[in-house]
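Enquirer: Sequence:
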Amino acid sequence: MDTSARERTVMHVYTADSIRAAEAPLLTSLPEGELMRRASYGLALHAVKEIRRIKGNVYGSHVVLIVGAGNNGGDTLWAGTYLRRKGAAVTAILLNPERTHKAGLTAFRAAYGNVISFSDTAVSGNVENADLVSAIKTADLALEGIVGIGGHGPLRESAAAIINALEEASVPIMSVDIPAGIDPDTGVRHHPHVHPMATVTFGALKPCRILAGPYCGRVSLVDIGLDLNAETPAMQVLSDEDVAAQWPIPGSTDNKYTTGVVGICAGSHKYPGAALLSVAGATHASSAMVRYAGSATDLVLFHQPDTICVTSPKHAGHVNAWAVGPGIGTDEKAYKRLRWILKQDVPVVVDADAITLISRFPELMDYRPEGAATLVTPHTGEFLRLCSAYSAASQYLLPQSTTDIEQMGCSAAVTACREAWKNQGINLSILLKGRATYIAGSEGIYAEDTGSSWAATPGSGDVLTGIVGALVAHGAVAGRSVEESAAMAVRVHSRAALLASLGASFGESAGKTWPADGARRFLSDTDTAGRGAPVTASEISQSISAAIRDVRNGTL
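Read left to right, the sequence shown gives residues 9 to 564 (the working numbering).
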């Protein structure tokens, strides 16, 4: 197989505490205010770019600053000072005048910026001041610097009133570091909270970028010189370059066995389509052999004649990994097939009905050989079943509803579930599917903000199971963890869904290339909603090859 080495480009996401720890030595070694000036200059450059996109020129534009207390407000004021010097009219709305960053406010006044004080005590949350109303209605852009990474809870009354007025006036909002009202570490959205069209963050990505990705808008990162080597990342995000470098591409000496053979146990007389979709995911993801075991052999052979088909996993032959569960049912026959697969000393991907079975009968996991990797890939309902299996005996607070998951944050919920099973001597890796997908295992958490919701269609998870199975099988021979393999699979699956939704109007299906100006902008719901169309799981599977090429060529 092709093992050409590339430098790893995994992006790391850090908690607020880690960011503060990395800032501490710089705050003592750099001249006073230098770190803030780095952040505010980067913020101002992104604001300039946005203003030019909206209005054409910075000179003559009008920017409103929503200034909270402390350093986040200081960053915003210094950025406003820069914009003022570039010829923009800038109005700073002070939400807490007594605690406004003094040096930032002094510099802003010296640049002849306009200042309006507005607080809960002054106006009781109503935007009635004529100057304030005029500033909001004439604004081309608002910089929201209400709270930074130390902020928690919903917007206060005065801040909520200003944000509501900006939204009613259709003023685009750029949040500073994090959107106010969204917890930086858990991504929990308090109500009310800011709905920015963009966020400019400093030093490193924060967990809320992944955990509440759609509510952060477009996120840009400003490098302020933090050394985070001593800090443990809260989660990891693979880059397209890293996925491309590790994808199973056959080398000059490879054959159908050497890049990882996967066994697929899926489908039943009631759900034969699950077998076809899972096999399609696997066959399009890798050039290695796919072995299917189940009752839908005729259907699979008709649509995928390159698949080896048998009726029982026992007769499948050698595989490097198994993927089991989609559509197999939960009867005794399914139980026995799952039990046999779990006994095998290879990685196993457990999905759908197989998750239901191990949730009902956790003792099934006792059949796993010591050290053999097991990856479960639940959607929210299946995940809650996993949590319920050991909730009574667990020392961990486990979610019992979707509301619990939202309040805990998905990352914390996945970690708690994994630890509860581990406490019973069962080592699971967990992939929680969703618009943002979380993969918890021994390497920590991988996160994938898929960028769009086109994959939210029936059968899409079956296709993903096949892709994950193929990548896990390849990882078994290439020395890659099941968690990283799963993250790679999620990236290509979501890209395939996006390409399928765009159809012949974009990409290689129309013989076109993607725009050169960083066309990853197409990866947001707001950008694709007007271009894409709903897709089926079959269409997603048919776009996998195009998605792999897209990731490998760096065209999207």
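Keep in mind that a hint or two might mislead.
Within a straight-line C-alpha distance of at most 30 Å, the following computed DSBU-like cross-link-like pairs (lysine-lysine) qualify [to be verified]:
#, residue 1, residue 2
1, 341, 430
2, 264, 145
3, 430, 322
4, 57, 110
5, 322, 278
6, 94, 63
7, 278, 351
8, 341, 278
Keep in mind the hints are simulated off the structure, nothing from the lab.
Here the structure is a predicted model, which is why all the values come from computation and not from measurement.
Enquirer: So which of the earlier hints does this model not fit?
Expert: 2
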